[in-house]
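2 protein chains.
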Amino acid sequence: MLIQDLRIVVICGGVGAARFLRGLLRVANPGNITGIVNTGDDMRLHGLAISPDLDTCTYTLADAINPETGWGLAGETWQARDTLERYGGQTWFGLGDRDLGTHLYRTQRLDEGATLTEVTAEIVAAWDLGLTLLPMTNDPVRTRVTIESGETLDFQRYFVERQHQDHVTSVAFDGIEAAVPSPGVLDSIAAADAIVIAPSNPFVSIAPVLGVPGIRDALAARREQTVCISPLIGGAAVKGPAADLARTLGHEVSATGVARLLADVAGHMVLDSIDVALADAVRETGVTPTVTDTMMRTPEIAAALASTTVNAVV
Amino acid sequence: MLIQDLRIVVICGGVGAARFLRGLLRVANPGNITGIVNTGDDMRLHGLAISPDLDTCTYTLADAINPETGWGLAGETWQARDTLERYGGQTWFGLGDRDLGTHLYRTQRLDEGATLTEVTAEIVAAWDLGLTLLPMTNDPVRTRVTIESGETLDFQRYFVERQHQDHVTSVAFDGIEAAVPSPGVLDSIAAADAIVIAPSNPFVSIAPVLGVPGIRDALAARREQTVCISPLIGGAAVKGPAADLARTLGHEVSATGVARLLADVAGHMVLDSIDVALADAVRETGVTPTVTDTMMRTPEIAAALASTTVNAVV
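Respectively, the protein sequence lines represent chains A and B.
This note's numbering applies: residue 1 is where the first sequence begins, and numbers increase by one.
This note's numbering applies: residue 1 is where the second sequence begins, and numbers increase by one.
Keep in mind that the hints were calculated from the coordinates and are not lab data.
Mixed in with the good hints, there may be bad ones.
Unchecked claim - To spell it out: a stretch of chain A is covered by chain B in this simulated footprint if at least three of its residues, at any positions, have a beta carbon under 8 Å from a beta carbon of chain B; those stretches are:
1. 11-21
2. 46-55
3. 88-95
None of the values given here were measured: they were computed from a predicted structure.
For every residue, glycine included, the Cβ atom is placed at its ideal position computed from N, Cα and C.
Chain A with its partners taken away, still in its complex shape (with noise of 0.2 Å):
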């Protein structure tokens, strides 16, 4: 079967899936893409609803990202911010003036009563995406860690105000137990050709995801057809926290903790050419490893990542 032709599904977090899908786009057919993105970081500023990482991955599928910082739109100015600083007000989490329309436009529909899948669909369409994104529930579910201090945080406080310094001793869901998966989810994952979960933090990002009831039995069920790119390469995140919540939750540090961790549910695993001495220990975890390079420099290293990725699983 071409790549073309197969229905690939993708768990999704943030920047390492956004860089993904932007690869992937490049070789399949966009109409048979769907991401199914965390919610767990979202939260309510300022009387907003702000979801980071549908965000992102609608930025960057749009080219539209900030290149200076990696959220937000290009091109953004800061006059909202300036007038926040003038009372007073939270500035921790960068909201630019280009980027607020976005939540505004959210959180007006949200109000009317459209749900997180109907207004995701309506702005990846306003950006003229061509895949489908689906949050992974129209439920709240709010990611917090707990940091050595015993104190416990929302998730985007520990990781924006406090850029993720704290060690954490644990991770909490609240509200997943109650959470449905949002309509589309299981559907696309048991109509799939291939899935793939993108190298995205496996306890922050994939986690909520997986923990949204239903998912993760739906995905074990499909455990041939699923593949993880490891977000660890040579036993460090490319960005973010996933090696420090690796070390101080208690797993291996490695492509291979990841794989054990994710053994479940994901019958396959790519990890990066400088790990290609860990294959043996990822296949002795039952996952089947495939080596490559999964370092997204440019989006044809991302494509050439998606392809592998997608054709080790058909």
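Since the structure of chain A is already known, use the hints to place chain B on it.
The following block gives chain B in isolation, referenced to the frame of chain A:
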């Protein structure tokens, strides 16, 4: 008594009140001035708590009002609106990027449990205005107008989106029966040496303030210290739909009509020199007229008007 030593209360709508307050600040002691501001125009849009009259007063007094529009902030940009437009979102209510910071701050503080009184004080302090601005109430009151077609519209839909082109057959203030004057409102009226009803729209800016249970009675008890400035000059409004509303709601379209409307609370009226011929008719309504230049073309004229107005009742 010197005007500097007088405690002065001003009942306020938007632009006319803001210009009057700017004049008053030049002749009186800011620490002795309290503006009680209409919040019937307030709304939630895009999830944000928007208080147009409070902001018009604040921005005008801060010399930060957008001179091109008469609302919002000077030096405004429109990036958030451009993003909203991409999504086909609601852009009929102009929210500039700088202005958005105020709404973000207000919404966040209200969501944290602060009252509108508290947030307003914080915003006024951040702009170093010196005076006190009080919302008429901290309870939700929503001005709604019924138009000739029988349709009922939220005030901003009528005023901004449809540019007050409809003929209004009735005005209602939803929630007003249950509203309570905000802290300080009744006390400041009771303690005032002079109370000014600003030249704001009597039907949609002043009427909601007077409609909050307790405020009309408090003013009536101070009728001899209360003076209104006619917002109708030569039978026309300086700005906005006051004359149209007077006509369609069945009132005389003149300063005399306004005097009659407010005769129970204001024992005095300041009317424009152009309306000198109406002085006797105003007196016949039981209201003592003072005639002067009321067109606030410059802050100096506004200051002279403020001085004349206050002196009419002390």
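Original post:
In terms of beta carbon proximity below 8 Å, does the stretch 88-95 of chain A have 3 or more residues touching chain B?
Top reply: holds (count 4)
When I compare C-beta atoms, does the stretch 11-21 of chain A have three or more residues closer than 8 Å to chain B? With 0 residues in contact (Cβ-Cβ under 8 Å with chain B), the coverage given for the stretch 11-21 of chain A is violated.
Verify the coverage statement for the stretch 46-55 of chain A against chain B, using a C-beta to C-beta distance below 8 Å and requiring 3 or more qualifying residues.
-> Answer holds; 4 residues pass the 8 Å Cβ test.
The structure shown violates just one earlier hint, number 1.
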